[in-house]
Amino acid sequence: MSEKLTQRKAWDIVLDKLTKRSLWMLHYCTGCGAIELPPTMTSRYDMERFGISAMVTPRQADILLITGYLSVKTLQRVILTYEQMQAPKYVIGFGSCTINGGMYWNSYATIKSLDQYLPVELYIAGCMPRPEAIISSFTELIDRIGRGEANSWQDYYDNYDFYKKNQEHVFGEINTYVDIKDDKVKFGI
Amino acid sequence: MVNPIMLILIPLLTVFLINLVNIKWPKFSAGLSFLAIALTTGMAFTLLPEVMQAPIEVVIAGTKAPIGINLLIGPLGLMLSLIILVTSLLVSMYSFSYISDERKGMYSGLFLLLIVGSLGMVMTGDIFNLFVFFEILCISSYILVAYQRNEHSLEASIKYLLLGSIGSLFLLISIAILYRGLGTLNIADIAARVGELPPSTRIAAAAFFTIGIGVEAAIFPLNSWLPDAHSSAPSSISAMLSGFVIEVALVVLIKIVFSLFAFAALFWLLAVVGVVSLLIGEFAAYRQENIKRMLAYSSIGQVGLILFALSLGTEAATRAAFLQIINHAAAKSALFLVSGYMIIRTGSYQIADYRGIARRMPVSGFVFFLAVLSLVGVPPLFGFFSKFSIVMAAVSSGSTGATVLTGLVLLGTVVEAAYFIRVLQHFYQREPAKAVTAARSERGAGAESSIEAPIAAMLPVLAFALFLTGGVLLLGSITGLADAAVQDLFARLVSVLA
Amino acid sequence: MLTEPVALMLLLSVAGVVLNIILYRLQSLQMIVSFLVFAAMLALNLQLYGTIGETLVLPVVVFGQAMSFAVSPLAFYFTLMITSITLLTVIFSLESLRGKACTQAYYLWLFLKTFGMLGVVFAADLLTFFLLWELMTWGTFFLMQQTGGESFSPAKKYVVYAVSSSMLLFLGIALIHAWTGSFSFREVAAAFPHMPEGMMLLVVLLMTVGFAVESAMFPLHAWLPESYASTFTSLTSYLSGISTRMGIYGLILLLFGFVGHELADRFQLIGVINLRYIVSIFGALTIIIPTFTALFQHDAKRLVTWHGIGQGGYMILGIFSANALGIAGGIFHIFNYMTYVTLILFSIAAVEYRTGTSNLNKLGGLIKRQPVAFLGLLFGIIGLAGIPPMNGFVSKWFIYKALITEGYPFLAISAIIGTLGTILSVYKLIHNIFLGQLQPEYNEIKEVPFLMQLPIWVLMLAVFATGVFPGPILSLIAEIQSSFGLAPVPYTMTGVDPAAGTLDMLVITTVFIGGLLLAWIVFLLGHKRRHVSQYQNYAAGHFLDESIPYNFNYNFYTGFEHIFNPMKKKVIARTEVAVSSLVEAAGDYLRRIYTGNLATYAMYIMAALVVTSLFLKELI
Amino acid sequence: MINEVELMQQFQKEFPESQARIKRERRIEVLLPAGRLYEFAVRIQKKLNFQHLSAISCVDWIDDGEYELVYHFWSYELNVLVDAKIRIDRENPHFETITDLWQPAKFFERDIHEMFGVVFEGNEDLERYILTEWKGPPPMRKDFVSRDFAHRFYHYKDYEPQWLTEMQQHSSGGQDE
Amino acid sequence: MSTVLWIIFYPIIAFAIGVILLGYGRKFNARVQRRYGPPIQQVFYDILKLMSKRTNISHGWMHDTALVMLLGGTLLTLYFIPVPGFDFFSGYGDFLVVMYILLIPSLGMALGVGETANPNGSIGISRALQMLAGYDIPFALTFIGMAILAGTTNFSEIIALQQAEGIFGWGLMTNPFLGVAALIALHGMMGEKPFEVMVAPHEIATGPMTEMGGKYLGMMMIQHALNVVIELTIYINLFLGGAANWASYLVKLFVLMTLILSVNALFGRFRVDDAVRFMWKVPLVLAVIGVLIIIL
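Chains as they are written, first to last, in the working numbering: chain A, 590 to 778; chain B, 184 to 681; chain C, 2 to 621; chain D, 90 to 266; chain E, 734 to 1029.
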């Protein structure tokens, strides 16, 4: 996670303090961890208290949850979804499978460490973490955004070649019609 | 001042001349008949101004009534003879190229006889002469219908012959009743003394007379011969038959009914029968596949319309009827002549085989199109004004019955427009039928070459078309002539009996 | 006498017909000549305003009535529309018909039709009116079947409808003539009230049904969609723009010229139901049923022609409401409708010119290639749906206000149902053609040439300008109303006089533009935005590219399909088939009378003899 | 209703070179030579009315150098499952398809082709559908060791956080090798 | 002078009320599901976050202009609805104008969503338009009924009439059938649960908002907030006697919002054609009865 220190203007500080209260999570169940999300949403843990609610399309989402193991085939779809999301966006890796391959460490079909392919903001340890862990990760994320340190997404724009090389190593060329380098210039990230 | 008798003598003498000439030089017969008609037409036109003032009375030197020729030419008679002569002039020009087999001499002779018959009927003042000319007319048309000698036309002409002879028999009976009752054969005398006859004999004479002439005038129940006869006759002859023969018979019927048997009930009966035959003609034509039968049924319809207009009894209606007669003569003859060459080129009578023919016969297609529009009554053409005045006259005659009948007439027009437009669209289809592509003419061998009729045949057709479009300009003079004819007719009208 | 604009205009259109006959094969010459003649006619038309009130009598005398023409405010209003739309159609077709097959007679019939319409509108007596009305209907028939092939059968159906309608008119005119003895409008109008009750009802019924067929009122509208949509699209816009409105002109003439309002109310049936209310009910049905049929059309042109019928219903509702505002709304709606429907159809023609098809299921995403056509269609559909600031709204507002003040809630709600149906089908039109994914085969198409864009720009300006400043047109309509002796509409330059109702289009538009500016500022508050390709789209993680058709065009309103399917029983089409088979059966039956064997024929003659003699005997 | 014993005798009689035995109640196992399978399948489907082909599985006998294809036929009336086993060569695995008899065979054969590399002639749709991006050998073969491949192909994070080592000392669990 | 102030600040006040109403709605829903629920100002946070998104994607110039048209149309409608203390514009456009201006935002959104070339969006729009046809017919009939009853189509005159006789002069009291029909139709117009066919996250991925990200979605939420205020105010003006002062206006707003939210929280979503059939059965019949009472 690159520690890019941006000179943050006064307005950005206030903005971060306010926008941290509203995060929309992309309800995209990639692995076995997705079953933990309904309890966090419903009345017992109710993540909506923190302003986090589930959204269906990547355009509207801020958080992308990678819940569990990622086979090569799903990784393509995850990357397409990630690139369709609007910055600032945060990837949260669920469980040990995203950290170092987890239970499928020796499988030929699953990727071992997520941050080779996507800039990951937070990891939640556990094979599958319980709702309390998810809630604590969300609060951690909210504090980070508040402090203005949650800018792992800039890392994807900065060293896109590193990510691109790893991705092509695993599944060859895909065309997501999103030109990251051109976006970096256009949006001035 | 040429003596009106010449109008009948010249064609009659030419008939004998043709038979002589035919032995050595058969080719000249058609030319001779054309010349004769042209001469007669010229003379008729010279008579026009004088007749307008007063009808001419011609009595051949004192011969006894039944044999001597007693002519009475008024504006009505002259107008009809002009129609007859002009139409037959153009049709004879058409038949130069249309009739080309060895029996051309006979054809021209009978052609002239037909003209003599109709001229005589129109001009005669003597009732027996009327019968004589009526016989000449019928016999010549029987033979001409059978001219093509195929199985279909022979059967049609036999039917026509038998029905026609029944008709002339009734006519003879009616004349006999009148002669026995009044002892004279001159129409004017009969008209003056017809009151003396007891009502029952008068009714019998009227009934026999109406049915007698009615067969030839194609009134509803009596016209069963018409579809076969007109469709199987050679096109030039069916053009003549539809063009003026039926109309002449109809006008003569009305003239005699006006002068001798002017019963109000008879007028109503004829009006109703007129509308009924209009509807039958139009509805039957709607389902026809054979083009000439369709035109024949359409003639029945149009004659019905004319009969309805004539039997309304008002001056405006009669003038409108005369205009419609002129319109029908021009339009229907054009249609028959055009379809004549279509049949020759494609070798079939079925409309289905004429798909896309207008592309290869552009001029005839266009004339067919114009004639149809005129018959249906589309404004700039002549037909519109005749139909317009008929409806106006019928409705302004005031009686609710007439308005209802006019409604039916308009319904007939809608049906007529429907089937004629269907045929027209069929002609202008993009992809031609097999028969049309196979058709060849002397003009060129290619599939796209024009299979138009030869020039001699096209000229009369174009003349008719020109009349239909240009006729509007000389509408004033035509209505003037028609007015004079109406006055002449109404002068004879005996007080209308109950 | 010949210098008057009226005579010149009629003469020019006849000259146009003759010229086109002469230049039958040379299409380019035809185009230039027609363009010049129509331009001259429009110029003449503008001078016409000064000569309102004058009459022109032609030497041609038919049936004792000289053919006479007069310039009334209503005539000026309609000729303004006729000449302007014809000029626009000609300009449009200069480019869109270049090199197309079977267009030799295109301008010929266009001139014939224009001559017919001008004659009808200028006519000052019933004879000229009917003569040129026939000419006009036949002109429409020939215009309809320009493209040959499949356009023939709908054209034939039109002939049957048109001929029967003109026959009804003919009978009505004949009856009027029989009663009043003359054709000219003045005497007829004077003698009309004294006509006996039964005869007047018959005449009014005949004439109304005759005009209803031509203006495609509800039960008699079946001929319009198929026949208008199967000819060239520029002709479709010309026909649906002005041709069906001649029927409305006839209705106006009949209702205000002859019958007059107090008479129309005299045919009391039950309580409030009188002749006017019955025709308004038919008007309301004309709005609802065609609009909801348009909803399910798969072809752009048919969709718009079905709307043509629907919008006719508004005009009928407006005219037949006995309220100054309503009548002004109805007449104003004729002008509005002409502007935006021709605009829509020109845009569809532009699309068809480039893509070759107007099938809604095959098109999509053309906004990227034909922005001008899109803008044209957008302005057109806003006008058609009657949403401010376009002119469609103003005339609809007038009609609603009149219906509410007169206390006809169910007519007003039927109008609103019509508007909603219009909005739905109109959105389907613009969505299926311009929005959505661009199909790979339309990648290279370009915008239409300038000559085709010019009419679109002109009409867009007209639709917007008359929307914001309806004043000038309303002043003309007020003049029309006073010429018929009705109370003129209380109008102001930008809307309605505050006393009669609250509508000021200028204020609405300025506030709208203010709102847009404010929204634009809010839009700029966010960070920069970037245009992306159409394949960068949410498809639940699926990769999109050219090979995947990713459009929702077919069966756009599935919900309504379930609701309306049981109701679609095609009653009108079945009645038509029944009538034609009845005629065929009658034809077959009557043909059998001529059996062919001699004996029956002889028997017929004997029977005729017996009948005639019996008939005469007991009557003497 | 014929029971398993009679069924087995019938197989024995018609296919003398096959060994049929009853594994347990309602389960019959038939070892067939490769060539006779299609005949057996036709026989069992048409005559004995075994409508259901529940699965085709493949066993990799790496020692014998053979694949074993097991066809599981099931009959609804007899409620009996017949496993027909055949052996084919492992290096160049080929066998004819039975998709004309049973439609689902298309899917089973495609799966075996992808995982084991067996080519079924006559089955025109043997395209890959699970491991779409896989470039390596058919992964289910025994000679393909997934762990070595994973270590070579994927990147592992050297992950020795401080708290993990403390936990391991206190915890009673065994070492993770 | 006061009208200029009103013109400038009125949208901001309306936006604030709208945001609070929506926040209150989400809190209300949470509490019905026995959840704690987000803070009242949650909607404001959401809008702020959306507007501050760093990257925004658009599918063409029409996508942007349509969004501007969406918000612009709503602001236009806002000015034409009389609110206590500010009915300057209702002198220039009566409720017929308002009924038609209400259509501009939906048309704008439809064009923008169509431009995004996403079938989910198009299906969402087709459902929204069908629902529009569904609820607008009874709604319009109640309008017309009230107009005929009051004899005028001008908003402020209708309000004045209702306030003349105090509580019994309210539209709801004088003609309960029209009032109830309008309430059900209003429910459909707000797009609340039983009739929430447009934004159906489970079926068509939030329908029209599928491709709207960042500031586009922000603008749509601003518009939604304003729209809620507009629709409620229309109902209040026609049937609850308008508002003499701001206090009663706010109370009426919240009471009406609670009523609608309570129905919204309990119901599942109708299918489109069932929703439209319901709208053309119950409220339409009620409205027709109401109108018949008026004209007979």
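Among the hints, a few may not be true.
Said to hold, decoys possible - Capping the alpha-carbon separation at 27 Å, the derived lysine-lysine pairs in DSS-like fashion look like this:
#  : chain 1 : residue 1 : chain 2 : residue 2
1  : A       : Lys598    : C       : Lys529
2  : A       : Lys753    : C       : Lys447
3  : C       : Lys447    : C       : Lys369
4  : A       : Lys606    : C       : Lys529
5  : D       : Lys112    : D       : Lys102
6  : D       : Lys246    : A       : Lys754
7  : A       : Lys770    : C       : Lys529
8  : E       : Lys1014   : C       : Lys571
9  : D       : Lys224    : A       : Lys753
10 : A       : Lys606    : E       : Lys760
11 : D       : Lys224    : A       : Lys662
12 : A       : Lys754    : D       : Lys231
13 : D       : Lys195    : D       : Lys174
14 : A       : Lys770    : C       : Lys101
Claimed, not checked - Label-pair restraints from in silico Cβ distances:
#  : chain 1 : residue 1 : chain 2 : residue 2 : range
15 : E       : Val737    : A       : Leu607    : 23 to 33 Å
16 : D       : Lys135    : C       : Glu577    : 51 to 61 Å
17 : E       : Met906    : C       : Asn275    : 32 to 42 Å
Since the hints were derived computationally from the structure, they do not count as laboratory data.
Quick reminder that beta carbons are idealized off the backbone N, C-alpha and C, glycines included.
Going through the hints against the structure:
{"no.": "1", "hint": "Lys598/A / Lys529/C", "in the structure": "holds (18 Å)"}
{"no.": "2", "hint": "Lys753/A / Lys447/C", "in the structure": "violated (37 Å)"}
{"no.": "3", "hint": "Lys447/C / Lys369/C", "in the structure": "holds (10 Å)"}
{"no.": "4", "hint": "Lys606/A / Lys529/C", "in the structure": "holds (22 Å)"}
{"no.": "5", "hint": "Lys112/D / Lys102/D", "in the structure": "holds (19 Å)"}
{"no.": "6", "hint": "Lys246/D / Lys754/A", "in the structure": "holds (17 Å)"}
{"no.": "7", "hint": "Lys770/A / Lys529/C", "in the structure": "holds (16 Å)"}
{"no.": "8", "hint": "Lys1014/E / Lys571/C", "in the structure": "holds (24 Å)"}
{"no.": "9", "hint": "Lys224/D / Lys753/A", "in the structure": "holds (19 Å)"}
{"no.": "10", "hint": "Lys606/A / Lys760/E", "in the structure": "holds (22 Å)"}
{"no.": "11", "hint": "Lys224/D / Lys662/A", "in the structure": "holds (13 Å)"}
{"no.": "12", "hint": "Lys754/A / Lys231/D", "in the structure": "violated (31 Å)"}
{"no.": "13", "hint": "Lys195/D / Lys174/D", "in the structure": "holds (18 Å)"}
{"no.": "14", "hint": "Lys770/A / Lys101/C", "in the structure": "violated (49 Å)"}
{"no.": "15", "hint": "Val737/E / Leu607/A: 23 to 33 Å", "in the structure": "holds (31 Å)"}
{"no.": "16", "hint": "Lys135/D / Glu577/C: 51 to 61 Å", "in the structure": "holds (58 Å)"}
{"no.": "17", "hint": "Met906/E / Asn275/C: 32 to 42 Å", "in the structure": "holds (35 Å)"}
When held up to the earlier numbered hints, the structure conflicts with 2, 12, 14 and fits the remainder.
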